[in-house]
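Chemist: Read off the chains here:
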Amino acid sequence: MNPVNYLYLAALLFTIGAVGVLIRRNAIVVFMCVELMLNACNLAFVTFSRMHGNLDGQIIAFFTMVVAAAEVVVGLAIIVSVFRSRHSASVDDASLMKL
Amino acid sequence: MSALAAYATSTGEAFQFWVLGTVAVVGALCTILMRKAVHSALCLAGTMIVLAVFYLANGAYFLGIVQIVVYTGAIMMLFLFVVMLVGVTAADSLKETIKGQRWWAAACGLGFGVLLFAGIGNAALTEFAGLGAANAAHGGNVEGLAALIFTKYVFAFEITGALLITASVGAMLLTHRERTERARTQRELAEQRVRDGKHLPPLPAPGVYARHNAVDVPGLLPDGTPSELTVISTLRKRGQVRDVSGEALADLKALEQRSSERLGRDRDEEEANR
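The listed protein sequences derive, respectively, from chains W and D.
Read left to right, the first sequence gives residues 1 to 99 (the working numbering).
Read left to right, the second sequence gives residues 100 to 373 (the working numbering).
So that you can see chain D by itself, here it is in the shape it has in the complex:
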């Protein structure tokens, strides 16, 4: 090795490694153990930010920034969008289709990990060269990467461009749905409604007589029971209808009790005056 070869990093980097490395491993474990996909995505985003810091610590300044912009900025947000499309509340089923699959998977993972660790431990990696000379050769990390990408790896770079175009076209093709029938006009919809003969007027508004007018609060019928018709079907399906009829009735009861107490007190005072 050259004179640049070293045997240990600075104490500060070691400290950073142990603290942030713990965060990264905990984030990765949470990614596979959290039951809801949103929590998994957030934990994975944390792990990716930690990895970006590690790239910066390793002298890969360009990759560190790209990691934050592309992975945590773009890819994880794409994941979150799809989680929203598919349904945030949908939790993973815990039913095992293959008996004992979880334990076999964990055992396989353990064996694989031991194998990897033994392989790394066996390799004689005691000294390292550092990136100082490589980064300085072209005036910086970004310039060095650019010099390599546009000379030695230019063909791979162009193929990458073709791959990205293909991927975006493919994604559009997969998610695009062709409309097979003409969209019905407003007049046709109105005629259909009259022909069906149910609910000619618009649906009743939420929150009528319920002392709240939020969209998830059903309106109350004159007898105090909530009317399902006043809440939109999406909220009804998700079970997010907030029932405040009990509250309203309790409030009414409290009001009646207070007024009766007051009336009673007035009567008592009158009797006392007399």
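Chain W with its partners taken away, still in its complex shape:
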């Protein structure tokens, strides 16, 4: 097996995540799909790092993880505050900027 198979797997996971973002309504699940896409990118970075024999890919994957953590914290806080004001976590209901 060639490590390029990891790239195919990453592409598949990214596609699944993208489809999930398009078809789901629950904001939390949409967020999980975004996380899935970020993870797929990380897998591609790590695989590239192995293929090219240097550690820069892993550094980028590490930074992606940190940014994803920050993004999750802020995003979930937004979801919670939207849920408080609208009593719904559906992305269809939040069509106005202000209640």
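Don't read these hints as lab results, they were simulated from the structure.
Keep in mind that the hints are not guaranteed to be accurate.
On the chain D side, residues computed to face chain W include the following (Cβ under 10 Å) [to be verified]:
(1) W117
(2) M133
(3) T146
(4) L348
(5) A349
(6) A353
(7) Q356
Remember, it's a predicted structure, so these values are computed and weren't measured experimentally.
Cβ atoms here follow ideal geometry from the backbone N, Cα and C, with glycine treated the same way.
Since chain W is already given, all that's left is putting chain D on it; use the hints.
Modeler: Chain D in isolation, oriented as in the chain W frame:
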């Protein structure tokens, strides 16, 4: 390429890839197809653990451990907390607001996937260098990463720190709610209750006369009907009130039947003796 270049991984890694890769794809599909957010979160956690194993297999030992600690340990638990806050039972609505959106989305995803696969297939990626030399240069994977982070990428690393501080302050700002009025004291609440004139004594306890004293079992009124007042409003709203009045009545009926049978048998014996 250098002498380190190779063309194939070990058979063991290939086996691991095909088995765990299947698990990862199934987990990802379950994430987008499960109707309840909790199930989605659990499936995604499984996929992330598989990805951590793949990082370890690819020689990224530090990232593999960080993946487990940060993603499955912290981020997914945060997701689960928010799912609990928002409501576990809230299922996704299946009503389509844009007609045919689901199929168009699936078609777009398929096209995108084909594009990605064709791109990877077109690139001439037959040999790979392996991480042996890069990991050994500084004495290990963690040391190598540290050497890069604190020299070449030190500026990005510091900006990341600023980003994390900003994110945590932002999260506190978004979820914090300012109290606009003074909290009422216990005395004021009691006076309010007397003024309103309904339910001066405490509410009746659950499970009275119901042969169970769990909080979700309503107490029974003397005629055997359950009293809604005895169960807390949260459970009432969720519809998680357990009604055992039927059971109690059935038990009573069975008891009566048994005693009547017994009485009848006694009478029969008496008649037989006579």
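Chemist: Compare the structure with each hint and give your call.
Modeler: Evaluated hints:
| no. | hint | result |
| --- | --- | --- |
| 1 | W117 | holds (8 Å) |
| 2 | M133 | holds (8 Å) |
| 3 | T146 | holds (7 Å) |
| 4 | L348 | violated (38 Å) |
| 5 | A349 | violated (39 Å) |
| 6 | A353 | violated (45 Å) |
| 7 | Q356 | violated (50 Å) |
When held up to the earlier numbered hints, the structure conflicts with 4, 5, 6, 7 and fits the remainder.
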